[in-house]
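Got chain H; can you put chain Y on it based on the hints?
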Amino acid sequence: MTTNENTGLNNLFNRMLTVGGIACIVGLIALVVLGFLNGFADVWRGYLTAYIFWWGLAMGCLAVLMIHHLSGGRWGFIMRRPLEAGAMVLVVMALAFVPIIVAVMTGNASLYEWLDAKKIAEDPLITYKVTTTGYLLPLNWTIRAVVVFALWIGLAYLLYSTSRAQDTAPDGNFTLANRMRTISGIGIPVYIVTMTMVGVDWYMSIDPHWFSAIYGVLFIVGQGLTTFACIIILLSMLTNHYPFSKVVDKNRLDEYGKLMLAFVVLWAYVNYGQYVIIWSGNIPEFTPWFVRRFAPGWQAITVILVLFHFALPFALLLSRLLKRNLRMLAAVAGLILLMRMLENFWIVAPEYTGIEFYGSSIVGMLVTYLAAFAFLGGLWCMGFAWFVRQQPVLPENDLRNDPRAMKGQVAHA
Amino acid sequence: MALSSEPLNRAGNIERKEPYIGPGETLDSINNKITDIVFTAPRDTPRGWFLGFGIAFLLLMVFLYAVTDLLIRGVGVWGINIPVAWAWDIINFVWWIGIGHAGTLISAILLLFAQDWRNSINRFAEAMTLFAVACAGLFPILHLGRPWFFYWLIPYPNTFGMWPQFRSALTWDVFAISTYALISLLFWLIGLVPDFAKMRDTTKNSMLKFIFGIASLGWRGSAKHWNRYEIAYILLAGLSTPLVVSVHSIISLDFAISVVPGWNPTIFPPYFVAGAVFAGFAMVLLLVIPIRHFYGLQNYITMKHIDNMCKIMLATGLVVVYGYIVELYIALYSGVEVELALIQNRVFGIHATSFWALIFFNGLAIQPLWFKSVRRNLPAIFIISISISIGMWLERFVIIVNSLSTDYLPSSWAPFYPTIYDVALYVGTLGLFFTLLFLFIRTLPMINIFEMQMLQHKTATGSSVVDSGVGEQAMEKLGDRH
Numbered sequence: 001m002t003t004n005e006n007t008g009l010n011n012l013f014n015r016m017l018t019v020g021g022i023a024c025i026v027g028l029i030a031l032v033v034l035g036f037l038n039g040f041a042d043v044w045r046g047y048l049t050a051y052i053f054w055w056g057l058a059m060g061c062l063a064v065l066m067i068h069h070l071s072g073g074r075w076g077f078i079m080r081r082p083l084e085a086g087a088m089v090l091v092v093m094a095l096a097f098v099p100i101i102v103a104v105m106t107g108n109a110s111l112y113e114w115l116d117a118k119k120i121a122e123d124p125l126i127t128y129k130v131t132t133t134g135y136l137l138p139l140n141w142t143i144r145a146v147v148v149f150a151l152w153i154g155l156a157y158l159l160y161s162t163s164r165a166q167d168t169a170p171d172g173n174f175t176l177a178n179r180m181r182t183i184s185g186i187g188i189p190v191y192i193v194t195m196t197m198v199g200v201d202w203y204m205s206i207d208p209h210w211f212s213a214i215y216g217v218l219f220i221v222g223q224g225l226t227t228f229a230c231i232i233i234l235l236s237m238l239t240n241h242y243p244f245s246k247v248v249d250k251n252r253l254d255e256y257g258k259l260m261l262a263f264v265v266l267w268a269y270v271n272y273g274q275y276v277i278i279w280s281g282n283i284p285e286f287t288p289w290f291v292r293r294f295a296p297g298w299q300a301i302t303v304i305l306v307l308f309h310f311a312l313p314f315a316l317l318l319s320r321l322l323k324r325n326l327r328m329l330a331a332v333a334g335l336i337l338l339m340r341m342l343e344n345f346w347i348v349a350p351e352y353t354g355i356e357f358y359g360s361s362i363v364g365m366l367v368t369y370l371a372a373f374a375f376l377g378g379l380w381c382m383g384f385a386w387f388v389r390q391q392p393v394l395p396e397n398d399l400r401n402d403p404r405a406m407k408g409q410v411a412h413a
Numbered sequence: 414m415a416l417s418s419e420p421l422n423r424a425g426n427i428e429r430k431e432p433y434i435g436p437g438e439t440l441d442s443i444n445n446k447i448t449d450i451v452f453t454a455p456r457d458t459p460r461g462w463f464l465g466f467g468i469a470f471l472l473l474m475v476f477l478y479a480v481t482d483l484l485i486r487g488v489g490v491w492g493i494n495i496p497v498a499w500a501w502d503i504i505n506f507v508w509w510i511g512i513g514h515a516g517t518l519i520s521a522i523l524l525l526f527a528q529d530w531r532n533s534i535n536r537f538a539e540a541m542t543l544f545a546v547a548c549a550g551l552f553p554i555l556h557l558g559r560p561w562f563f564y565w566l567i568p569y570p571n572t573f574g575m576w577p578q579f580r581s582a583l584t585w586d587v588f589a590i591s592t593y594a595l596i597s598l599l600f601w602l603i604g605l606v607p608d609f610a611k612m613r614d615t616t617k618n619s620m621l622k623f624i625f626g627i628a629s630l631g632w633r634g635s636a637k638h639w640n641r642y643e644i645a646y647i648l649l650a651g652l653s654t655p656l657v658v659s660v661h662s663i664i665s666l667d668f669a670i671s672v673v674p675g676w677n678p679t680i681f682p683p684y685f686v687a688g689a690v691f692a693g694f695a696m697v698l699l700l701v702i703p704i705r706h707f708y709g710l711q712n713y714i715t716m717k718h719i720d721n722m723c724k725i726m727l728a729t730g731l732v733v734v735y736g737y738i739v740e741l742y743i744a745l746y747s748g749v750e751v752e753l754a755l756i757q758n759r760v761f762g763i764h765a766t767s768f769w770a771l772i773f774f775n776g777l778a779i780q781p782l783w784f785k786s787v788r789r790n791l792p793a794i795f796i797i798s799i800s801i802s803i804g805m806w807l808e809r810f811v812i813i814v815n816s817l818s819t820d821y822l823p824s825s826w827a828p829f830y831p832t833i834y835d836v837a838l839y840v841g842t843l844g845l846f847f848t849l850l851f852l853f854i855r856t857l858p859m860i861n862i863f864e865m866q867m868l869q870h871k872t873a874t875g876s877s878v879v880d881s882g883v884g885e886q887a888m889e890k891l892g893d894r895h
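Heads up: the protein sequence lines correspond to chains H and Y, in order.
Under the working numbering, think of the first position of the first sequence as 1, with each following residue one higher.
Under the working numbering, think of the first position of the second sequence as 414, with each following residue one higher.
Chain H on its own, in the form it takes in the complex:
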């Protein structure tokens, strides 16, 4: 691997750093300006909403990486290093979560209704959740958040460092590969359980009166979909450069396309299941969530999601021809990412516009959401570009999954 062959990738990651830096600064300025114009309540809300996407992407990278270690296969080999870097971005995302912890600990009620002392006293359900059980006491909430971040970053770091050690491991030593498999086997249940809890803590509790058992799964499936869409887009950028140009072929594209299709269907399945159960049950505890999303304004977004988050990508991704064409596949992935962005907004923001005494407007929320999205996205890209350069872009010693190893061509010692 000469430096010459590497310049392409280097330029790409440099560009990522620059674009990320600019987005970060622009987003931050926009947030501050919007805060002064529109009130900081919206800024907090927009920030928490945009956090789902970028933190979710890092979480998705961790989850997909663990699935790859468990299942094996070459689709994961190609993307292992980017996935490891993406998972390590959790460190950056943990830092980006600090402002939210500060807001909760200082009792900023524009984020969560249950921080409002008056509501704690008057609303029996909030009393139950905060005072009686102590579940939503700010301190307990914070302790849980710190613990889950420690677990996630611990998992990401273990996989990242073991993977690095594998690069220089003596030949024929599968202990490290097996160790990563074990870590992932334990990590997947940890991921699922903590994601469910965090979904409730951070997002479901925005409306403390509502609950739904599948909420955590909606997040898990969403993160998987975002990650596969991002992988495809990243692949479209990487594939022209060595060494990716040597290992990516149409079969891999087909696999990524199928996995993305599976998640598109899964997303529709869990959402539709939730909808049928809640809407046909018609019980006052559950239905308000959908009532808000069928309200004027939100209704349009709901319909857009049905059509472009599910129907169109589903129909397109059925085609084998499309899945084997990188440009078309990347275009569909782009559409899906756009829809993911909108869906994340749709999952959280209606809870804020629905609040009686200080409701945000959709437009107000959307603008701050976009600003926070740019800020956090900038941070994400910078973190990713930094971490991905710490290791060779393809694993060096993964004899189980490396197609070059299978052809007997591992010769880059």
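Just so you know, not all the hints are guaranteed correct.
What the hints assert, rightly or not - Here are the simulated DSS-like pairs of lysine-lysine, each with C-alpha atoms no more than 27 Å apart in a straight line:
#, chain 1, residue 1, chain 2, residue 2
1, H, 246, H, 258
2, Y, 430, Y, 785
3, H, 258, Y, 871
4, H, 258, Y, 430
5, Y, 785, Y, 724
6, H, 258, Y, 724
7, Y, 785, Y, 717
8, Y, 637, Y, 871
9, Y, 430, Y, 717
10, Y, 430, H, 250
11, Y, 724, Y, 430
12, Y, 446, Y, 430
13, Y, 430, Y, 871
14, Y, 622, Y, 446
15, Y, 430, H, 246
16, Y, 871, Y, 717
17, Y, 871, H, 250
18, Y, 871, Y, 446
Derived from the structure by calculation, the hints contain no laboratory data.
Computed from a prediction, not measured in an experiment: that's the story for all the values here.
Positioned in the frame of chain H, the structure of chain Y alone reads:
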């Protein structure tokens, strides 16, 4: 490609993948081994087969008795009451339908994922699916009250202006289950056609030659036949795949659309599907372990197969346990009176034993499967599979009876106790299932002959030792686009 396709490392060490077929098998030995079981002369049938079939047939007579009595006296012979208007009948229905799901998953999803290990177990698992669906379908019909009018559930033009109520979950079941049964049957039959031809060509008995000749639909094994066969098979796999998910989702909605506390958690559809696959694999293992022992099929159903099935069982089992935890967690979090009362009743109430037994049989008993040594230990797996079968039955009991017996109105609460007729009908369907199964393994090739032969060929030539995709196609590079 003439290059070695095993993952070589620089030191020349090879990590061999365990093949899915035992050593020393040839194309002929596979054909003979599988067809011999069917072609054995009636008087040479193993005694064990007669014993098993005899017991199953006895139980089938119990079934006949239970159904006859039910038709004469009505559903009052069961222990059902108000509010527990559904109990064992629907529990058994869901239990049987769930068991069928492993067969569909093995035949359809594993085919789409190009998993070689499905080859030796798919025929068998598909048959299990069909028989389980047959048992399942009986329960909602028998629960109708006037089962002889069951066809009123089907939308057909008639003179008295009857039309099914499409908002009723019962009508959804009719469509879900009949579609499922039909597609499963087609899938099974199409897969059998090339094997029927093999049977036709192998047998020396002119009567059997005639029967298998008709069943094989004129199959001559020409390239054209194989081409059409592959297309039809993959299309049916595509059709079956959504069925794996949809059938049990619909069944979960049977409950969820009723507003009974404990029946409407939004997690129900995926949680039911995982439970179905879980129970199904447990049943496959319960059947496979003795059969491979008695018929000496260790070369076809290897320990690697069993290991893989155990892994799927563990994964789906963990999803099911996740479902239990989430239900409790969300109910506690909600703080809603009805939800809290539900949890109270489930964990400490009159039927609490069933809940704790469920946690033991489905939650704790599967944890040893994390270890490879357990996944390769047949007695342990057999016991765990029995435990799962009991656990999954209890799960439906907890959901159905626990929730119904303590609904919204405390004054109407009533416990449920089964009668002997509940038990007889359940045991009777076990008789039906095993009778059909014993007939199947005696009269049809229970392992797919030609797929095993293809697997043997691939293994012998080395092309299946690594993951799929090493063929010429994989070398087709992106750089080729102009």
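Legend entry - Straight-line alpha-carbon gap residue 446 of chain Y to residue 430 of chain Y, limit 27 Å: 25 Å, holds
Inset, instruction - Assess, step by step, whether the Cα of residue 258 of chain H is no farther than 27 Å from the Cα of residue 430 of chain Y, and give holds or violated. - result: 26 Å, holds
Inset, instruction - Below or equal to 27 Å on CA atoms is what counts here, so check residue 785 of chain Y against residue 724 of chain Y. - result: 9 Å, holds
Legend entry - Proposed proximity, residue 250 of chain H with residue 871 of chain Y (alpha carbon, max 27 Å): 23 Å, holds
Inset, instruction - For the pair we were handed, residue 871 of chain Y and residue 446 of chain Y, check the Cα-Cα distance against 27 Å. - result: 19 Å, holds
Inset, instruction - For the pair supplied as a hint, residue 430 of chain Y and residue 871 of chain Y, confirm whether the alpha-carbon distance does not exceed 27 Å. - result: With a Cα-Cα distance of about 13 Å, the restraint between residue 430 of chain Y and residue 871 of chain Y holds, given a limit of 27 Å.
Inset, instruction - Verify the proposed pairing of residue 724 of chain Y with residue 430 of chain Y, using a straight-line Cα cut of 27 Å. - result: At roughly 17 Å apart (the allowed maximum being 27 Å), residue 430 of chain Y and residue 724 of chain Y satisfy the hint.
Legend entry - Proposed proximity, residue 724 of chain Y with residue 258 of chain H (alpha carbon, max 27 Å): Satisfied, since the Cα-Cα distance of roughly 23 Å is no more than 27 Å.
Inset, instruction - Take the C-alpha atoms of residue 622 of chain Y and residue 446 of chain Y, compute the straight-line distance between them, and say whether it is at most 27 Å. - result: 18 Å, holds
Legend entry - Given hint residue 717 of chain Y paired with residue 785 of chain Y - CA-CA distance at most 27 Å: Holds, at roughly 11 Å.
Inset, instruction - Mind checking the alpha carbons of residue 637 of chain Y and residue 871 of chain Y for me, to see if they're no more than 27 Å apart? - result: Distance of about 22 Å is within 27 Å: holds.
Inset, instruction - Assess, step by step, whether the Cα of residue 430 of chain Y is no farther than 27 Å from the Cα of residue 785 of chain Y, and give holds or violated. - result: 15 Å, holds
Going down the numbered hints, you'll see the structure goes against none, and every one checks out.
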